[in-house]
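Position chain B relative to chain A; hints supplied.
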Amino acid sequence: MKTVNNDRGVLMFAHNNTEIDYFRLAVVNALLVQANMGIKNITVVTDPHSLAQGEKTLGKRLIKKAINNIVVIEKDKQFKRQNLRLYKDTSHTTKTLPFYNANRCDAYDISPYEETIIIDVDYLILSDTLNHCWGHNNEFMMNWKYQDIMYERKDPTLARLNDMGITMYWATVVYFRKTPYAESFFNCVKHVRNNPQFYKDLYKWQGTLYRNDYSFSIAAHMMSGFVDKELPQLPTTLYKSFDTDDIHSAVDKNTVILYLEKPRSPGDFILTKWSNVDLHIMNKWAINRISEEMLDYVTKTTTATKTRKRKTKKATSTR
Amino acid sequence: MSTKLTKALEFANYRVTLNNQRSALLAKVDSLLSYSINGGSFTIDLHLITFCKQLIDEGMKETVMLDIYKNPIKIDLESFYEEIRSRYFEVTNEYYVEYEKLRKARKTHKILDLNENGE
Numbered sequence: 001m002k003t004v005n006n007d008r009g010v011l012m013f014a015h016n017n018t019e020i021d022y023f024r025l026a027v028v029n030a031l032l033v034q035a036n037m038g039i040k041n042i043t044v045v046t047d048p049h050s051l052a053q054g055e056k057t058l059g060k061r062l063i064k065k066a067i068n069n070i071v072v073i074e075k076d077k078q079f080k081r082q083n084l085r086l087y088k089d090t091s092h093t094t095k096t097l098p099f100y101n102a103n104r105c106d107a108y109d110i111s112p113y114e115e116t117i118i119i120d121v122d123y124l125i126l127s128d129t130l131n132h133c134w135g136h137n138n139e140f141m142m143n144w145k146y147q148d149i150m151y152e153r154k155d156p157t158l159a160r161l162n163d164m165g166i167t168m169y170w171a172t173v174v175y176f177r178k179t180p181y182a183e184s185f186f187n188c189v190k191h192v193r194n195n196p197q198f199y200k201d202l203y204k205w206q207g208t209l210y211r212n213d214y215s216f217s218i219a220a221h222m223m224s225g226f227v228d229k230e231l232p233q234l235p236t237t238l239y240k241s242f243d244t245d246d247i248h249s250a251v252d253k254n255t256v257i258l259y260l261e262k263p264r265s266p267g268d269f270i271l272t273k274w275s276n277v278d279l280h281i282m283n284k285w286a287i288n289r290i291s292e293e294m295l296d297y298v299t300k301t302t303t304a305t306k307t308r309k310r311k312t313k314k315a316t317s318t319r
Numbered sequence: 001m002s003t004k005l006t007k008a009l010e011f012a013n014y015r016v017t018l019n020n021q022r023s024a025l026l027a028k029v030d031s032l033l034s035y036s037i038n039g040g041s042f043t044i045d046l047h048l049i050t051f052c053k054q055l056i057d058e059g060m061k062e063t064v065m066l067d068i069y070k071n072p073i074k075i076d077l078e079s080f081y082e083e084i085r086s087r088y089f090e091v092t093n094e095y096y097v098e099y100e101k102l103r104k105a106r107k108t109h110k111i112l113d114l115n116e117n118g119e
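These protein sequence lines map, in sequence, to chains A and B.
Count the first sequence with my numbering and you get residues 1 to 319, in order.
Count the second sequence with my numbering and you get residues 1 to 119, in order.
Just so you know, these hints were derived from the structure itself, not from any lab.
Model, not experiment: these values are computed from the prediction.
Each statement offered as a hint is correct.
Derived lysine-lysine pairs resembling DSSO-like cross-links, with alpha carbons at most 30 Å apart:
| id | chain 1 | residue 1 | chain 2 | residue 2 |
| --- | --- | --- | --- | --- |
| 1 | B | Lys107 | A | Lys240 |
| 2 | A | Lys64 | A | Lys77 |
| 3 | B | Lys74 | A | Lys178 |
| 4 | B | Lys70 | A | Lys229 |
| 5 | A | Lys262 | B | Lys110 |
| 6 | B | Lys104 | A | Lys262 |
| 7 | B | Lys7 | A | Lys154 |
| 8 | A | Lys190 | A | Lys40 |
| 9 | A | Lys200 | A | Lys154 |
| 10 | A | Lys229 | B | Lys74 |
| 11 | A | Lys145 | B | Lys74 |
| 12 | B | Lys101 | A | Lys154 |
Just chain A, with the same shape it has in the complex (with noise of 0.2 Å):
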């Protein structure tokens, strides 16, 4: 028989702005999670406006099947005013628009786990890859290296922070224990939230928005002896699709197809269908045009694994 361990958990962090539902997001994959990957543990990090909107749209029951354990912290209102960023919904559609990010570097705090997977809402867990890092000798991976899903489309300004600069480390997915090295790691990346244009300047990433990805790569140059690309990696390769892409349909909880932009042709698509692999989809109106149909999947998912978990106690039991 397989045994639960509590040690091990996901942790993700969704706070709403005027137009996004981080929170219906984290539920959706949340679900994912419990059906592709088959942990319970799941911890989301919220504020309590995002936490009575999901409410109002999701239920408290679906909330509660999705996530076992739920932070409400209040947000910094001065850094959710000056955080904004450019949102796109596919090349014909732009918003500047709130980027609530700023509580992640608090995730070693947070984590009631051991051992923690750090995803954001919007990559999509559609398999069971990241048990691979369960129990690794690895104390603390993220992915410096990524792969575009419209393959003919290469963008160099995502390798480093500046063309001269470090590499850049993506936080979309971060594992880690809770040792001294992971702990001082987050300290680190703290002191890059806390002094943004002290590190602005010494690191010299560009335009005026805070992403974790800067401070966590700034972190991981600095806690690897100021020696490039010496972070390990994931044992999975990072996928993404951007924010100019569409999601034309979820076909089942492990696929979906995606509209990706074409590089030479602005505004102008292919379709592929991406299945059993996780995914960043970095297009977040898109997720929520499908997150109904993905909720349907999911639900079932669950719903059936339960009545089969029932009728093999039963069987078991009267034998």
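Chain B only, in chain A's frame:
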């Protein structure tokens, strides 16, 4: 636009979709051919399978192998070999089936298992 040109552009679109879909399929294969054990991660390939078989044939029960991070990992050869071998065949057989399906698809919607209306 002439009919010939429209057809040519349609075919170009089909080729781009097909190539991308092949890469997507390969991504799935790569992901499934990754195997983690005893705190290390390995990529299952012919080299690893053959090497394990060679060691078993030499009568070895346990060995230390370098994983993808170049970390030394202690391995129980019999169970490790069984696991990677069965995974390899499972994944490559599935790959073969899906690849053949893709190879025979002559229309964009067929590549994606959609009907002509894109549904």
